[in-house]
Every structure is written in structure tokens, then in C-alpha cells.
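Keeping the supplied structure of chain A fixed, place chain B upon it in accordance with the hints.
Chains as they are written, first to last, in our numbering: chain A, 433 to 950; chain B, 433 to 950.
Bear in mind the hints are in silico, worked out from the structure with no lab data behind them.
All the given hints hold, so there is nothing to weed out.
One copy or two, it doesn't matter: identical chains are merged, so the pair holds either way.
With a straight-line Cα cutoff of 35 angstroms, these simulated DSBU-like cross-link-like pairs (lysine-lysine) come out:
no.	residue 1	residue 2
1	K770	K825
2	K842	K767
3	K744	K842
4	K849	K825
5	K767	K850
6	K767	K830
7	K541	K514
8	K518	K878
9	K570	K842
10	K767	K825
There are 2 protein chains.
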Amino acid sequence: MVLKSINKSAKTALAILFAVSVASSSHLFGQKIPAEKSDVLISKRMFPALEELKEYVAIPNDALVAEDIDKNLIWSQEAFAKRGFKTAILKTGKLPLFSAEKTYPKNTKTVLFYFHLDGQAVRPSEWFQKDPYTTVLKEQSADRTFKEIDWDLLKSDKINDEWRIFARSTSDDKGPIVMLLQALDILAAQNQQPPFNVKVVLDCEEEKGSPGLKDALAQYKNQLMADYLIVMDGPMHATNRPTLTFGCRGGTSFSLTTYGAITQQHSGHFGNYSPDPTFSLAKIISTMKDDDGRVLIDGFYDGIKFDAEAVKIMAAVPDNLTAINDRLQIAEAEKVGKNYQESMQYPSLNVRGLKAAVTGKGGGTIIPEEALAEFGIRLVPETEGARMNLLVKKHIEKLGYTVLDHVPTKLERMAHKKLVFMNSGGAGSPAFRTEVNSPIGDWLRKTVTENFKEQPVIIRIMGGSVPVVPFIQTLGVPAVIVPMVNMDNNQHSPNENLRIGNLRMGIKTCLSILTTPI
Amino acid sequence: MVLKSINKSAKTALAILFAVSVASSSHLFGQKIPAEKSDVLISKRMFPALEELKEYVAIPNDALVAEDIDKNLIWSQEAFAKRGFKTAILKTGKLPLFSAEKTYPKNTKTVLFYFHLDGQAVRPSEWFQKDPYTTVLKEQSADRTFKEIDWDLLKSDKINDEWRIFARSTSDDKGPIVMLLQALDILAAQNQQPPFNVKVVLDCEEEKGSPGLKDALAQYKNQLMADYLIVMDGPMHATNRPTLTFGCRGGTSFSLTTYGAITQQHSGHFGNYSPDPTFSLAKIISTMKDDDGRVLIDGFYDGIKFDAEAVKIMAAVPDNLTAINDRLQIAEAEKVGKNYQESMQYPSLNVRGLKAAVTGKGGGTIIPEEALAEFGIRLVPETEGARMNLLVKKHIEKLGYTVLDHVPTKLERMAHKKLVFMNSGGAGSPAFRTEVNSPIGDWLRKTVTENFKEQPVIIRIMGGSVPVVPFIQTLGVPAVIVPMVNMDNNQHSPNENLRIGNLRMGIKTCLSILTTPI
Numbered sequence: 433m434v435l436k437s438i439n440k441s442a443k444t445a446l447a448i449l450f451a452v453s454v455a456s457s458s459h460l461f462g463q464k465i466p467a468e469k470s471d472v473l474i475s476k477r478m479f480p481a482l483e484e485l486k487e488y489v490a491i492p493n494d495a496l497v498a499e500d501i502d503k504n505l506i507w508s509q510e511a512f513a514k515r516g517f518k519t520a521i522l523k524t525g526k527l528p529l530f531s532a533e534k535t536y537p538k539n540t541k542t543v544l545f546y547f548h549l550d551g552q553a554v555r556p557s558e559w560f561q562k563d564p565y566t567t568v569l570k571e572q573s574a575d576r577t578f579k580e581i582d583w584d585l586l587k588s589d590k591i592n593d594e595w596r597i598f599a600r601s602t603s604d605d606k607g608p609i610v611m612l613l614q615a616l617d618i619l620a621a622q623n624q625q626p627p628f629n630v631k632v633v634l635d636c637e638e639e640k641g642s643p644g645l646k647d648a649l650a651q652y653k654n655q656l657m658a659d660y661l662i663v664m665d666g667p668m669h670a671t672n673r674p675t676l677t678f679g680c681r682g683g684t685s686f687s688l689t690t691y692g693a694i695t696q697q698h699s700g701h702f703g704n705y706s707p708d709p710t711f712s713l714a715k716i717i718s719t720m721k722d723d724d725g726r727v728l729i730d731g732f733y734d735g736i737k738f739d740a741e742a743v744k745i746m747a748a749v750p751d752n753l754t755a756i757n758d759r760l761q762i763a764e765a766e767k768v769g770k771n772y773q774e775s776m777q778y779p780s781l782n783v784r785g786l787k788a789a790v791t792g793k794g795g796g797t798i799i800p801e802e803a804l805a806e807f808g809i810r811l812v813p814e815t816e817g818a819r820m821n822l823l824v825k826k827h828i829e830k831l832g833y834t835v836l837d838h839v840p841t842k843l844e845r846m847a848h849k850k851l852v853f854m855n856s857g858g859a860g861s862p863a864f865r866t867e868v869n870s871p872i873g874d875w876l877r878k879t880v881t882e883n884f885k886e887q888p889v890i891i892r893i894m895g896g897s898v899p900v901v902p903f904i905q906t907l908g909v910p911a912v913i914v915p916m917v918n919m920d921n922n923q924h925s926p927n928e929n930l931r932i933g934n935l936r937m938g939i940k941t942c943l944s945i946l947t948t949p950i
Numbered sequence: 433m434v435l436k437s438i439n440k441s442a443k444t445a446l447a448i449l450f451a452v453s454v455a456s457s458s459h460l461f462g463q464k465i466p467a468e469k470s471d472v473l474i475s476k477r478m479f480p481a482l483e484e485l486k487e488y489v490a491i492p493n494d495a496l497v498a499e500d501i502d503k504n505l506i507w508s509q510e511a512f513a514k515r516g517f518k519t520a521i522l523k524t525g526k527l528p529l530f531s532a533e534k535t536y537p538k539n540t541k542t543v544l545f546y547f548h549l550d551g552q553a554v555r556p557s558e559w560f561q562k563d564p565y566t567t568v569l570k571e572q573s574a575d576r577t578f579k580e581i582d583w584d585l586l587k588s589d590k591i592n593d594e595w596r597i598f599a600r601s602t603s604d605d606k607g608p609i610v611m612l613l614q615a616l617d618i619l620a621a622q623n624q625q626p627p628f629n630v631k632v633v634l635d636c637e638e639e640k641g642s643p644g645l646k647d648a649l650a651q652y653k654n655q656l657m658a659d660y661l662i663v664m665d666g667p668m669h670a671t672n673r674p675t676l677t678f679g680c681r682g683g684t685s686f687s688l689t690t691y692g693a694i695t696q697q698h699s700g701h702f703g704n705y706s707p708d709p710t711f712s713l714a715k716i717i718s719t720m721k722d723d724d725g726r727v728l729i730d731g732f733y734d735g736i737k738f739d740a741e742a743v744k745i746m747a748a749v750p751d752n753l754t755a756i757n758d759r760l761q762i763a764e765a766e767k768v769g770k771n772y773q774e775s776m777q778y779p780s781l782n783v784r785g786l787k788a789a790v791t792g793k794g795g796g797t798i799i800p801e802e803a804l805a806e807f808g809i810r811l812v813p814e815t816e817g818a819r820m821n822l823l824v825k826k827h828i829e830k831l832g833y834t835v836l837d838h839v840p841t842k843l844e845r846m847a848h849k850k851l852v853f854m855n856s857g858g859a860g861s862p863a864f865r866t867e868v869n870s871p872i873g874d875w876l877r878k879t880v881t882e883n884f885k886e887q888p889v890i891i892r893i894m895g896g897s898v899p900v901v902p903f904i905q906t907l908g909v910p911a912v913i914v915p916m917v918n919m920d921n922n923q924h925s926p927n928e929n930l931r932i933g934n935l936r937m938g939i940k941t942c943l944s945i946l947t948t949p950i
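Okay, chain A solo, but in the shape it has when bound:
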């Protein structure tokens, strides 16, 4: 336990906390709390929960400022120790990981909960409040804007679930941490214990790609090992219905550069003579997708198939595509899958940036010397990143191009009319998918259905990528993402917020999980 980046006074504080944290728990086993009762219990915890979240959020948490992360570690240490957890700071080559564990003699199964305590950087001028780390309560006006209201209104027993609290990390991802802590408190107050051992890991660098998480595995695999892994990060389905996400896409990338003359040429003196690299780039790109967005590269979709159950699961997701298209202002979507969810089960190919010479002010009457396209490929479990990059390379070679892995030399330029430099991103980050019809899937579906009296929205693979995937894969533990915050939380943007109703629902989700035997 080495506190590499923690300052002296912080170290002293942590030493005291660790002493506390080793004290063993004295909670007793209890029975399942009925849904009606749990709603009442949660209502009573709302103000303490909001106060605790406000306190946690007040500690700035940009992972680039290691001192701030240390302060978050101290707070987290204290919070979990208070709930009888044994805590540890796991040193990695990057920022440390926080781990907490609470075991119960009779429990044989262990569930690991993953969260992250770091947040996106803030630019205060873009926030509609003085300090992005000072939580304020707001109510939506008739004109859809949010106006600040008095924090103390939260003390009332008539809290409005449509109110929101605004500050960095209220949703992403300190809110969910506090939801778990509060559910543990409710359980303890009922003198009950979860039917499994609880492990918690707090990532300190999720917004920077979780380098510490990957590093930690070799050293701390035993400490982190569990039967199930629950990732509590990200927003719920747009309908705000309980959501279980069984997988997510990974990603890799590549760039293509085509070449004209060695330097920009005057389009008067050389137009019709010196080759224009933008046309060769356009020709390559134009062969990669059809007009409906389906990728035309041989083998790109190889290995992807769904059974009838999967098709049913995807069709059941209540996506409002009319509303999505209206928001995006698009005439129609690409047609890779039959619906939005199906489309996310396939790898995607997009140009994320295009550049040749200068457009707008500063542009000249020239022929560019090179043209660059940067591509992103989203991966699914069937499509490994390095193989996908190879398929792209073969595709371009079939068009008659010599594909280099370096900027061409003069000799290469003069030897090949059709020449492209492909800078391959290699394997990239993998995707993951846990079978929906599996023990962890059955358990979580049962938990939601029994406690919320409705079926959860089941996402087979979500489109985005999360840095926790390599960790999930290396740990080899069945994992499901259980998102709890509202979709419109402005995650990563100014004015991040958490809907009060989602805090309530999140505590209930945690409490449900903590009371459902595996």
C-alpha cells in the first residue's frame, strides 16, 4: 500500500482511516425488504444522500491533478470505512485504485462493484453556476431552462423528483457511488446483510482511459476477483426505465494519407498536370460504404449473427427513432441493422476528420500536397481490431494502391502512381458482451422485475466504449453494466446534473441488488 502521490497530511489522515477500516462489521443477516417499505426508507434517506453527494462532489476530481485525486481517496476511504469496509489503496504505474471489501461469514459468493471517482475537466465559464464543484438545486421552468432554488427545500418530505442537482460528477460517476453507500446504510439500519460479499473498486482515471485499471490486474487480481462484476456508470435508456447493459463496443482507428506533389502547387500552372491527392482519397473512401451506410469491405461483418431471442431482445428496446431522427435532423438513418439496437451489434466505420490544405480564410488557389482522412472503427466481440485494420488494408490494395506503413520516400512517390500511407491503430480497445441468458443476466433481471414491477430495458451491446472492458476481459468475470443516472445529465459537458428521481431509483436499484440472493 504505497501512497505515491499523496501528500504528508493526507497520509496521516489515511493512516487513521485504515486503522478504523479494519474493524470488523457487526451487521446481522435479515430478510428481504418489501418494495413498499423500501420506498419509504429511501424517501427518508434522500436528504442525507444529497448532502453526502454534495460533500463528495465538492472535492475537485480532474485526474490530471493528483493532489485532488488524493483528497477524493481520503473521502472515499472514510465513507466506506464508516460502513465497515476494509479499504486499500492499490498502487499502479499510474494513479492508484481504491478498493473496499466487506465479507460476511455465511456468504460464499462475491459481487464486485465498479465505479470511478474522477470526473471530466471543467471550464467554469461555460457553467450556469458559480462553481462546477459546488452543487446547486434547480427546477425546470416553463421555458425549459433550469433556475436555481433553495437547497433546503430538499429537507421537506415533498421533494420533487423532477428537480435536479447540478455539479461535475453528480451523475458521472459519484452519484452512483453514493447510491450504493446509501443503500448499504438502509440495509444496515434494518439490521440486514447482503446475501453475498461486497467488493468495490473505484477507478481514479476513467475519464483518461483507465490506465491504472489495466496496470492493476497483474498485481491485484486476487484482491479484485469476484463471481460477478457490476459496472455502475453511464446513463439509463432514454425512457428512464431500469436498464441492464450486457455489452459495449470497442474501438480502433486508422488514418489514410494520399499524396500529390511534394509541396503544394499553383493550380493555374499545375492544374491538369500535377496529381490531386484529394481525388484519390475520395475514391478510396467512396468504395468503403454504400449509400445506406453499409460497409463494403470484404469480411467486415464476418461472424456476426443473432438468434431469435437476441432479435426479440433488440426489438423490445423502446427506442423512439422518430424523436432521435428529429433531434439529429436526418432524413433517414444508415441501414446496417433493422433497428437502432441491431445496428450497434455491428462494427461501424466513420471518418472522424478530413483535411487537405486550408479551407475558408487563408485558403489558396492551389493543389494540396496531401489529403488526410482519420477513421474510427467501433468493434464488437466478433471483430478484433487488428484484423479489421488488415481488412481495410487489403481492401485498399485491391483498388490498386500500394499501402505503406510510413510516409513515402521520394523513390516510393516516384515509383507508385497510386500510393497511400495507412497509419493503423492495431488492436485498439476490445468490445465485450455477456450473454443475456446467463446466471448473472437471470439474477439481475429478476432483481429489477421483482423490485420495480416491470421488465428492465435490455441492451445487448451498447454503441459506445468504456475503458473498463479490458479489465472485465482480463478478470474473466461475468459483467453487466447497471446504469442509474438520467440520459440527459450533460455527462462530460458543462452543467452536468442528476435528476432527483434518478437518485431515488438508483438507491432502490442498489438496495434491490443487495437484497437479492445469487
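Only chain B this time, still in chain A's reference frame:
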């Protein structure tokens, strides 16, 4: 004659000069000077010519600084008045034009010489000399770099024609003005007169696109009218052989923007769903040219044909394509014409800039909201700019796109899957071509052949565009460009220079013209 931008003391100076300039000339007619004699006479004028050019170049001439242009006007005024010219400052909506005229009672024909006195802006730090406006003499070392040598070496009668003088506008375009002035002096010293009346116009804003020149025509057409127009600007053929250029390409432009969602989308959540505008842009561009650079837009090359004589003229130009390709580092050139010169007789289409989202640092894993390509079309006399833009529009419509002349509204975005905004440059700047086999062509070819004992390099249409073309067209006078400076003069760049041998050859060219009857 209004001196809008000239300060008080300058006005006084000009008033004195105008008084001088109206004094009539007293030169007498003489006979043609034999070539051998003219070479000797020119040799004796080299040092005075260089001193005069040095003095002229010392006056900064960026057209953005109107006061500096005024100083150049004063100098030009004095220089032409000294040679017995009647001078005038022609006010325009932009900077004024300088005009000078010298008539001879017996002459019935008039030749107008066009030059410009303004120069490109300078960034002194990029020059290998202290001040870009202080002329220095340099000699090329064995390692190809130029080293300064003592200016007074020019006083010797053993001037080396490979030496060069370095300063802004030594070549572009004050050198040619001084060449004409010096040729006039040699003629006067021989007590001779040109066989035609001489008019001179000095453009003050050529490097800014000559707005004043176009404006001046309505008001000053009679003052500027002549039988022939000789444009003395630009470099000679790369072989440095006497060059006559009978036309140049014009230009127009357009841009195309394609659209995805109204804002950038996360490529994870929307890859395979939200349309990617870079692919539609690439598809459009890819249909416009074949792999050899030939434009595939219907009607693009309509109306262009050459007779056997033109083919012969173009094939006779001693272009060293191997050297050009080696310099450009290209495997092969586009194949629009059979050779470089033929390629310049056709309109060209190039993408001068391409942009979607951000490449390199700052780029994200997103789908761009739009993709932009800016195109340049070089025009020839057969291809009018507005018509060419219309052909492009029709071509894109044939691909199934709705082509708008404005940024699409939400309704338009949602109504059309294939949508593009075409921002058309309209007519642009026209091309011009004077027939090689014409009275002015015959006269200039005879002039060069008799005086230089070799055939000139004849350029039917050069690839670049010059701002003087609309002036040529509106004036309706047969025009030929007679370039006199070395090709490698670093025109528009740091370290602009003039080869001593080209100053000598330029004076000879002017003297030849001034002694050849029309």
C-alpha cells in the same frame, strides 16, 4: 486627377512634377539600331539601370499601405516625366492608376505597356538579407547558395550575367518597368524615336487582384486605348529563352458541403446509425475525375479544339517534363493533354481544401456534422465560369443529390437523404487568348527573331491567371504577355531576385520592341 490617398507634401511634389511632365518631347526620328550596337549600348547602361532599379525598389510597395504606394507614384511620375512623358494619376474607387503617354507627330499607332508597381507583402525574418527593400548583389557559390558581394562590382565592365540582385519587386514587377525606362534612354541617346506612340499604365494593386484596374475602364477608356497591349509581368519560360505568351487561364470556384446530423455525434452511440457526411462528399468527388485526372463532368471540355498549327506550337515548347516530375516527386502527371502545354489549354478542376471536424490533436471519436470541399476551376476562353459551375451542379444532381444554394433548413435536412450545399463562385475571372497568327503576334515574333536571332518560346495559353485579363477584355485591344524575368526569381516569396542577364535581356527586348515598326 484627384490624389485621394496622397499626403500634403507628396501633393506638392506631384504638382511640380506634373508641371515638368507637360513639357513636350524634342526627340527626333532615327533608324533601327543594329543588334551588335544595341548590345554594346545596353552594356554601358547596366550600372545606371541597376542603380535606378535599386532606388525604385527601396520604396516599400505593399498595396495595403496607401502612403507607400503614393511614394511609388511620385517616383514613377518623376521617372517618366524625365523621359518626356505626360503623366497622370487616374483616380478609381480603389487605389489610383498611374498613366504616362508620349506621342510623336508622325506616329499613327499606339502601344500600351502594362506593369504594376506594387509588390507582395514581406516578412523580413524569412529573407537572407537585412531589409527586403534594400537591394543586395549576390553570387551563387559552388554549394548553390547565394552569397552577397560588393555592389560596386557592378561598376566594372565585366559584369557577370549569373549574378543576381535580391529585393522585393526586383522581378515582380519593378524590374520590367526599369527595363522599359532604360530602353527609352538608349533610344533617346541615339536621338531616335519609337515608330509608335507609347502609353504606359502602372497598376498599384496587382497583387491584390487589380480592383482599381477594372474600375478605371469606364472612366478612362479613351486615355488607355491603344492598338496593341503588351503586358510586361511574370517570368520567362524555364529555359530563359525569349518568351511570348498569348493567353492565360481564368478561374472560378465553388464549394460543396454535405451534411450528417445537425451536430457532431458520438461515433460509439451513433456509428451505423447517423449518416456520415464525409462518405457522401467522397462519393461526389470520386465521380468527378478519372484516375488519370480527366474530368468526367458532362460538357466540361466542350468547345476546345486545336488546329495542326496550334498542336505544333504547343509541342515546340521545350518543357523538360522529366525534370518537372522529379521536382514535384510524382510518378506520372495527369493526362488531360498530350503534353504540359496541351494540358493548359483545358479547364482544370482541383480540390483546393478539404475539411471535416478536426484531424490530429484535438480530434475526437465522432461523426462529423458536415464535410466541406472547396474547388478551383481554371478556365480557358471556351469555358465560361458560370456555365462550368452549372455543369458541376447538373452533374451532382444526376447523382441523385438535391443541390441547394444555401445552408439547408431543418425541413430540407429531414426531407432529403442526399443533400448538398453548393456555393458557386459564378463567372469568376475570364481567360484570354490572342491568336498567335495575328498582326500583334507576327509583329512580336518578328521583333524577337530579328533581334535575338532565335525563335521565341510561344505559349498559347499559360496555366496561371493574371488580374489584367478583365482589363484586356474590356479594352478589346489585342494583347500579348512579354515576360522578361528569370523563372526562378522567387516571385511572391522571400528572397525575390532578378538575374543580371535577365535585366540585360529585358532592356534588349524593350529596345527591340521600341525600334520595330508595327
